[in-house]
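Line order of the protein sequences matches chains A and B. If you read the first sequence in full-length UniProt numbering, its first letter stands for residue 1, the second for the next number, and so on. If you read the second sequence in full-length UniProt numbering, its first letter stands for residue 1, the second for the next number, and so on.
Hints may contain errors.
Lysine-lysine pairs mimicking DSS-like chemistry, simulated, CA-CA at most 27 Å apart [unchecked claim]:
| # | chain 1 | residue 1 | chain 2 | residue 2 |
| --- | --- | --- | --- | --- |
| 1 | B | K422 | A | K413 |
| 2 | B | K222 | A | K218 |
| 3 | A | K26 | B | K297 |
| 4 | A | K208 | B | K222 |
| 5 | B | K422 | A | K222 |
| 6 | A | K210 | B | K422 |
| 7 | B | K311 | B | K481 |
| 8 | B | K422 | B | K481 |
| 9 | A | K413 | B | K222 |
| 10 | A | K209 | B | K222 |
| 11 | A | K222 | B | K253 |
Chain A stretches covered by chain B per the calculated footprint, using a threshold of three residues with CB under 8 Å from any CB of chain B [what the hints assert, rightly or not]:
| # | region |
| --- | --- |
| 12 | 43 to 57 |
| 13 | 216 to 226 |
| 14 | 369 to 378 |
| 15 | 411 to 418 |
In case anyone wonders, no lab produced these hints; they're calculated from the structure. Since we're looking at a predicted model, the values are computed, not measured. Just so it is clear, CB atoms sit at the ideal spot from N, CA and C, and this is done for glycine as well.
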Amino acid sequence: MRTMKKLYTLLALFCFIGTAWAQTPKGDVLIKNGTVLTVTNGTLENTDVLVRDGKITKIGKGIRTPRGVQEIDATGKFVMPGIIDAHSHIAGSAINEGTSQVTAEVSMEDVVDPMDVSIYRALAGGVTSIHLMHGSANVIGGQNETMKLRYGSTNPDDLRFEGAPRTIKFALGENPTRGGRARGIQPQSRMGVEMMLRNSFTQAQEYKKKWDAYNANKSARKVAPEYDLRMETLVDILEGEVWVNCHSYRADEIYMLLKVFSDFGIDRINFQHANEAYKVAPELAAFGATASVFADWWAYKLEVYYSTAYNAAILTENGVLTSINSDSGELIRHLFHEAAKTQKYGDLSDDEALALVTLNPAKQLGVDNRVGSLEEGKDADIAIFEGHPLSVYAIPMMTFVDGVKYFDRENDKADQRIYINPESNIEEVTIFDRHDMHRCMEGALSFEELFSTSKR
Amino acid sequence: MKLNKIRFQLAVLLVLCMSHVVAFAQSDPSGESAVTSTYALTNATVVTAPGSQLTNATVVVKNGLIMGVGSNVSIPADAQVIDASGLYVYAAFIDGMSNTGAERPDNPERPRDLFTPDPPNDYAGITPERSVVDQLSIESSAIAQMREAGFGISNAAPYGRMLPGSTSLIILKDADHVDELVLEKDNALYAQWVGAPGAYPGNILGMMAKWRNLYTNAVNDKSHADMFAENPSGLPRPTNDRVSMAFYPVLTKDKSVMFDVDGMLEVRRAMRLQRDLGFKLIVAGVEQSWTLIDELKSTNTPIFLSLDLPKEPKNAKEGDDISEEVEALEARRMEFYNLHVGQAAELEKAGIKFGFSAKGIRGGDLKKNLTTMIEHGLSEDAALAALTTNAADILGISQIAGTVQTGKVANLMVTSAPYFTKDSQVRYMFVDGEKYEYEKKEAKKGGNSSADASGDALAGTWNYSFESPQGVSEGTFVFSKIDGGYTGVMTFNDGQPDSDLRDVSFRNGELSFNLEFDAGGQSIVLNVTGAVTGSTFDGTITVDQFDFSTPISATKDGK
Numbered sequence: 001m002r003t004m005k006k007l008y009t010l011l012a013l014f015c016f017i018g019t020a021w022a023q024t025p026k027g028d029v030l031i032k033n034g035t036v037l038t039v040t041n042g043t044l045e046n047t048d049v050l051v052r053d054g055k056i057t058k059i060g061k062g063i064r065t066p067r068g069v070q071e072i073d074a075t076g077k078f079v080m081p082g083i084i085d086a087h088s089h090i091a092g093s094a095i096n097e098g099t100s101q102v103t104a105e106v107s108m109e110d111v112v113d114p115m116d117v118s119i120y121r122a123l124a125g126g127v128t129s130i131h132l133m134h135g136s137a138n139v140i141g142g143q144n145e146t147m148k149l150r151y152g153s154t155n156p157d158d159l160r161f162e163g164a165p166r167t168i169k170f171a172l173g174e175n176p177t178r179g180g181r182a183r184g185i186q187p188q189s190r191m192g193v194e195m196m197l198r199n200s201f202t203q204a205q206e207y208k209k210k211w212d213a214y215n216a217n218k219s220a221r222k223v224a225p226e227y228d229l230r231m232e233t234l235v236d237i238l239e240g241e242v243w244v245n246c247h248s249y250r251a252d253e254i255y256m257l258l259k260v261f262s263d264f265g266i267d268r269i270n271f272q273h274a275n276e277a278y279k280v281a282p283e284l285a286a287f288g289a290t291a292s293v294f295a296d297w298w299a300y301k302l303e304v305y306y307s308t309a310y311n312a313a314i315l316t317e318n319g320v321l322t323s324i325n326s327d328s329g330e331l332i333r334h335l336f337h338e339a340a341k342t343q344k345y346g347d348l349s350d351d352e353a354l355a356l357v358t359l360n361p362a363k364q365l366g367v368d369n370r371v372g373s374l375e376e377g378k379d380a381d382i383a384i385f386e387g388h389p390l391s392v393y394a395i396p397m398m399t400f401v402d403g404v405k406y407f408d409r410e411n412d413k414a415d416q417r418i419y420i421n422p423e424s425n426i427e428e429v430t431i432f433d434r435h436d437m438h439r440c441m442e443g444a445l446s447f448e449e450l451f452s453t454s455k456r
Numbered sequence: 001m002k003l004n005k006i007r008f009q010l011a012v013l014l015v016l017c018m019s020h021v022v023a024f025a026q027s028d029p030s031g032e033s034a035v036t037s038t039y040a041l042t043n044a045t046v047v048t049a050p051g052s053q054l055t056n057a058t059v060v061v062k063n064g065l066i067m068g069v070g071s072n073v074s075i076p077a078d079a080q081v082i083d084a085s086g087l088y089v090y091a092a093f094i095d096g097m098s099n100t101g102a103e104r105p106d107n108p109e110r111p112r113d114l115f116t117p118d119p120p121n122d123y124a125g126i127t128p129e130r131s132v133v134d135q136l137s138i139e140s141s142a143i144a145q146m147r148e149a150g151f152g153i154s155n156a157a158p159y160g161r162m163l164p165g166s167t168s169l170i171i172l173k174d175a176d177h178v179d180e181l182v183l184e185k186d187n188a189l190y191a192q193w194v195g196a197p198g199a200y201p202g203n204i205l206g207m208m209a210k211w212r213n214l215y216t217n218a219v220n221d222k223s224h225a226d227m228f229a230e231n232p233s234g235l236p237r238p239t240n241d242r243v244s245m246a247f248y249p250v251l252t253k254d255k256s257v258m259f260d261v262d263g264m265l266e267v268r269r270a271m272r273l274q275r276d277l278g279f280k281l282i283v284a285g286v287e288q289s290w291t292l293i294d295e296l297k298s299t300n301t302p303i304f305l306s307l308d309l310p311k312e313p314k315n316a317k318e319g320d321d322i323s324e325e326v327e328a329l330e331a332r333r334m335e336f337y338n339l340h341v342g343q344a345a346e347l348e349k350a351g352i353k354f355g356f357s358a359k360g361i362r363g364g365d366l367k368k369n370l371t372t373m374i375e376h377g378l379s380e381d382a383a384l385a386a387l388t389t390n391a392a393d394i395l396g397i398s399q400i401a402g403t404v405q406t407g408k409v410a411n412l413m414v415t416s417a418p419y420f421t422k423d424s425q426v427r428y429m430f431v432d433g434e435k436y437e438y439e440k441k442e443a444k445k446g447g448n449s450s451a452d453a454s455g456d457a458l459a460g461t462w463n464y465s466f467e468s469p470q471g472v473s474e475g476t477f478v479f480s481k482i483d484g485g486y487t488g489v490m491t492f493n494d495g496q497p498d499s500d501l502r503d504v505s506f507r508n509g510e511l512s513f514n515l516e517f518d519a520g521g522q523s524i525v526l527n528v529t530g531a532v533t534g535s536t537f538d539g540t541i542t543v544d545q546f547d548f549s550t551p552i553s554a555t556k557d558g559k
């Protein structure tokens, strides 16, 4: 009986997913004779990649072109898995619900803006997936959204990475304490941040007890406890259903969070930025924690001074699963260069460096069964480069999501906007817009800061 | 009308008043009451419903109702006969959503400790238990303005933030008491995406979550209350939470949620909540519907399109020296202007029976905007249906309003020519059977309707300058006088998009208005107040959210 019920549930779920995402386009294409950088299986020269219905069905030499399948000549070009940015703030109508220190209940999936032209610009840098993150204004921020850059649709649902695990943003250090000090409330120091985390999880445990008791109550005449979406989400974190991505810089606060998570039995944690992670690399590896860092970006506030461009390499050498992210609408367009910096600073191999922006972020986001490397059976999220992507001469030529070409340098319209306000002035159109700026603290800023150009 | 006859009728009336208190409940020392409430419009062309027309017909109005329509209608003895030869009679328009009749209450005072997950409900804007009726004022000038534009009924929405209260259907007549305006109280729960300034929920992120939280608790609270009502023995007493209780009729689908959502993404977010929670949804004030047609059809979501349209872009004139790039950009901007003004036609083509919302437009723009939509493919019948029958259907009042039919409320618009022709004018309005007459307006000379030329103290262009934290900010305010009030736009020399000015008030040289702009998901409200002396303005800009204020000055463009 039980198995039957499970089966039905599974079937129902399958049908639901089937209908909900049935419309996103899937492509068929044969990419011929390229240098295929698989990331998991080395570099394959003069190799073809066959894509049917959005999936990579075959990687090999001399594949015959099936009828009706478009052929792309990649002779002399490099074919790599689509780049994945584990920390992005493009394509969001709002970034911070910064009005309270714990807002676990809010979710970026509610505020996806599919019309943000930054999506196209990211595609033009070979990026196929992003992790749209809540900002870092509060200790426990909102849930993030893992997305595929299916640009062109006005429906946010079309950009969801179907089946990706839920994740949430936490923040330590200066950002959340700045707000606390300005308003005279907790947290005003790193000590307050820790207590806020411990208190929140303790409250969530109490909340769960109440609901467990209610659910165990066999009486027909029972009264439900108050429902609290914030606590529900915290319970989901405790139960491992929502993975924490924590904004952090200093080694001491990174280590603090490991201790808090040990105490509460949470074992999945990805540290974002983590400029001092190299100092606690063995501890991170022992915990199984992961890190998503900048290649060489620091000194924009006090807690970010003690940094090194060797961070990613040191973490990798110590067995910490590491990715390099952009956190920026500009850096996202050349994450391949960011990855290449680890060869100058740390001598990482090609595969190790490429994995920093493909397979590793895919693992951190729990989507490595679908993307992150070129393997038969995986989604056809692919970038084609002129020049090796780790070379300074690399030029992204084409980008595919689910086998559908969303960027083609040879066929690149000048104006890629999906919506234009008819009342806008022509003079306004500039290459630089607010998405180029750091949006981590957006919505949680003072009036002066809102008008300042430096937002990080 | 002979004076003697009026005197005689007045005398009769006085007698009648004494015996029929019900009919004339209010004494009228001013002597302005109508001599009779029975009217017969004769020899009229009557558009009884969109696409259906009678000629040389009579319409009889009595006791607030339409008592006869057709060519063989007997005219009651007490009727005032209006020769409507050459005139056109329509059902008065129905506005799907606006703030008509409501007065904006003072903003709730900012509590001291706002940085909490649960600020007081009234500051957070969570007051679904309230009704727009409490904000209505019989003195609101919008009632007469809407009526003059052809409307007989408005679905009035309350001012507020995310959940201000319920809308009510109001009848657009001169009343002695607010209750006389109310046709149906609290017909829909009104919602919008307006966050609390500087408090939770501050933006769309928090509001989506708050909605889910409120709704789930309302479901639980209701099942508790139902259980308790059935048999209270041994059960804890329900808390009678006013916010939860306001959702009960929504949970049982006895009441719709009317979401005031202009942009496409705002509509989608309302539809997403509907999908997740299951309430009955009406979307109103929609300005971008062209990519939503499939979803609107498949979910059968009723929609009131906004009557507000963007201004037509001013492209470079032929012969102007512009680059190819600018030409291409202008073409794309025009493409989206055409989508805006053509969307009503697209909905018609798709078979969607939409209505219109008058929120944010001035009466004078109604006809102009409708004409623009018709020029872009909307049929006149569909436009009329949107203003009458469709609106009545969506609002559930098609039995009493929306067509010229015996037995319906006497809400009629009488025009000098077919309504959609260029020079047609509203000559009479009948609302709830009461007659309002409008003088024939002569065609304006000179063509330019903007108020600049009229020598008005405010209308025109003002160059402002103020010190922002980033340095000196400059641009213009452009004020226009419309229907006795003012509208305005603020432009920015630094290339920021223009902002519409709201609540422009100019009295005895005191000028005040506010504007809202979006700073990445957080809305910032600037309040401007000050004094106009000749061609100079000196005032203050305040931003409550940041306790910020700075002086601002402006000078009028001397032409």
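Each hint, compared with the structure:
With a CA separation close to 42 Å, the supplied pair B:K422 and A:K413 exceeds the 27 Å bound. Annotation: proposed proximity of B:K222 to A:K218 holds, straight-line Cα distance about 20 Å (limit 27 Å). Using a Cα cut-off of 27 Å, the hinted pair A:K26 and B:K297 holds, with the two alpha carbons roughly 25 Å apart. The suggested pairing of A:K208 with B:K222 holds, with an alpha-carbon distance near 22 Å, which does not exceed 27 Å.
Taking the CA atoms of B:K422 and A:K222, the gap is near 66 Å; set against the 27 Å cutoff, the hint is violated. The suggested pairing of A:K210 with B:K422 is violated, with an alpha-carbon distance near 68 Å, which exceeds 27 Å. A threshold of 27 Å between alpha carbons decides the hint, and for B:K311 with B:K481 the separation of about 17 Å falls inside it, so the pair holds. With a C-alpha separation of about 22 Å, the suggested pairing of B:K422 with B:K481 holds against the 27 Å cut-off.
For the hint linking A:K413 to B:K222, the alpha-carbon distance of about 55 Å lies beyond 27 Å, and the restraint is violated. For the hint linking A:K209 to B:K222, the alpha-carbon distance of about 23 Å falls within 27 Å, and the restraint holds. The straight-line distance between the Cα atoms of A:K222 and B:K253 is roughly 25 Å, inside the 27 Å bound, and the hint therefore holds. By the rule of at least three residues with a Cβ nearer than 8 Å to a Cβ of chain B, the coverage given for the region 43 to 57 of chain A is violated, with 0 such residues.
Closer than 8 Å: that is the beta-carbon criterion, and the region 216 to 226 of chain A has 4 residues meeting it against chain B, so the requirement of 3 holds. Coverage of the region 369 to 378 of chain A by chain B is violated [criterion: at least 3 residues with CB-CB distance below 8 Å; count 0]. For the region 411 to 418 of chain A, the stated coverage by chain B is satisfied: 3 residues place a CB nearer than 8 Å to a CB of that chain, which reaches the threshold of 3.
Going down the numbered hints, you'll see the structure goes against 1, 5, 6, 9, 12 and 14, while the others check out.
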